[in-house]
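Undergrad: Here's the letter readout for the chains.
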Amino acid sequence: MSTATDTAADERLLRRSVWRKILGRPELGSVVGAGAVFLFFSIVADSFLQPSSLSTVLYAASTIGIMAVPVALLMIGGEFDLSAGVLVTTSALVSSMFSYQMTANVWVGVAVSLLVTVAIGAFNGFMLTRTKLPSFIITLGTFLMLTGLNLGFTKLISGTVSTKSIADMEGFDSAKKLFASQLTLGSVNLKVTILWWFALIAVATWILLRTRFGNWIFAVGGEADAARAVGVPVFKTKIGLYMGVAFAAWVSGQHLLFSFDVVQSGEGVGNELIYIIAAVIGGCLITGGYGSAIGSAVGAFIFGMTSKGIVYAEWNPDWFKFFLGAMLLLATLLNAWVRKRAEATA
Amino acid sequence: MGAVLAAVLGASLAGCSSTGGKRAEDARKSAQAQGRAAVDTPRWKIAMVTHSGDGDTFWDIVQSGAKQAATKDNIDFLYSHSDQGQQQAQFVQAAIDQKVDGLIVTLAKPDALKDVVAKAEKAGIPVITVNSGSEKSKEFGALTHIGQDETIAGEAVGEELTKRGRKKALCVLHEQGNVGHEQRCAGTKKSFKGEVQNLYVTGTSMPDVQSSIEAKLQADPSIDAVVTLGAPFADTAVKAKQSAGSSAEIDTFDLNAKVAAALKSGTLGFAVDQQPYLQGYEAVDLLWLYKYNADVLGGGLPVLTGPQIITKDQAAELEAYTNRGTR
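As they're listed, the protein sequences go chains A and B.
First residue of the first sequence: 1, per this note's numbering; consecutive thereafter.
First residue of the second sequence: 1, per this note's numbering; consecutive thereafter.
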């Protein structure tokens, strides 16, 4: 015998309407923000809505977005990675220099780079879980070490601060197809990084929402001790997340190498913040336990639209950074406001 | 993990590339000259402190010039750098503490270095300024200044663009707030008969450089010339131009191997070289001459190492030098 009060008391059994489900999504605020930014630049910049312009914006967003996806997962898992920006450069340097110095087929360098990059990610995760120091310290250490290694090794091996061109080597063309080609759709050229980006979003979303590992990520980011108590392998999860960041850094690094064929060893510094910003705009909480992969993509898209939209709008470039900061702040505020409204009505 | 690495290394021996790579470079390289001192003066110690950021191609070439002269002149050469003015001043102080026999500094941030350069002179250390700061060099009491006047270099670009019949140029600045960069674009604006627009890009991220230039070219199809302020950005500008479907001519400041190759093939219009190798080489050599013979060059005026406009005609000759990192 069940009474009416019984069913009302157990809220977990309540069926939620589709609308309520949408309101509860972490990326809702950022989607609204992205819409606002898109509308804004459509009005103020004449050339913004051209198909070719949109493909440029998508390219800019994809180069940030590829990294923002695993960075968002890592943040949901409650950690940061400050070494993510230079790790991209490291990955590109390793494959370029290995291929060049060994006069090896370019694909061999690409494979070695994957090993080295993922090993560095594992190192981050291993150090973090072993020492129990905050990820801020661990990855700051890795960031500085990698910055130094990038310069030191490149100078030591190549004699200059940039790598030699490997464009004339075997395997370059096929590798370029995978990491840096263009797809022509009608009159528009779409860069292959956009496909990589979408694929990563899809995989990450599947992991987060449909697999056990996804549950673990939310659990370790929400409350690591409670998660451990119910049998979640906290250490393995975190190491896995760092390796995920490293994998994406490898993808970005190979893109860097195969689209520009020479790598400058000093690059990448500062990009780690942009990845984190994209994840935060996309609804990831800095404290962990909440967020989504799609949100990070929307965050990257807002960043891409803002940075290129300012150029399309042909504003005075002296104020570039100011506009960028103001737009990002507005998008994030709108994001927070929408989320609060959604939570209030849900 | 070890087994996988071994497998990959093994595969790499099998998977050799028959084109390009280190082997090709070694084949090209003939035996290099042995670095032996040409003089028997005492082993003086000279320090160079620049405003370079980490891993800058340009300063690498300056250093290689300085080292070449140091080897020849039997000089112990020390190098340090920081893109923060205060840090740079501390490095100069450290050189003074080491009691060096000569000092080479850049004055990109003159105010930060004023006091410490005065200290060096007080300690009897001769100072030569290079690259940037020609207007402050004399005032600070340096022996001489060796470098390129950025405004003059910019003007040379403007004149060349006018000569090539360009109407609307884009000046791509890869470091916001760098005085030298602003001077280059301002100089171009001054002498160019057409219109010049500035575009700021994030120099530490090549994809951003590419997409920003691409966006600008799409936004304004009337742009028919793009001028980048550093050699590594010229190639990226070419890619942006292709993606945007623009027919603009790409020109650049500074040289490197890729720029030389692109000039030769006609992908780039021209490059403005300030001969960084010469800046390093001359600075060390002049300090040696001053110590040895009390010689001073320039007669109180800066010694200019540029601008030298390089087009297709000279590119072939310079390509070999850029490949070995001295141009």
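Take these hints with a grain of salt, some might be off.
Pulled a few chain B residues facing chain A out of the computed Cβ check, cut under 10 Å [said to hold, decoys possible]: (1) Asn198; (2) Ser211; (3) Ser212; (4) Thr311.
It should be emphasised that the hints constitute simulated quantities derived from the structure, not laboratory data.
Given the structure is predicted, the values throughout are model-derived calculations rather than measurements.
From the three backbone atoms N, C-alpha and C, an ideal C-beta is built for every residue, glycine too.
Undergrad: Hints numbered earlier in the text: which of these fail when held up against the supplied structure?
TA: 4
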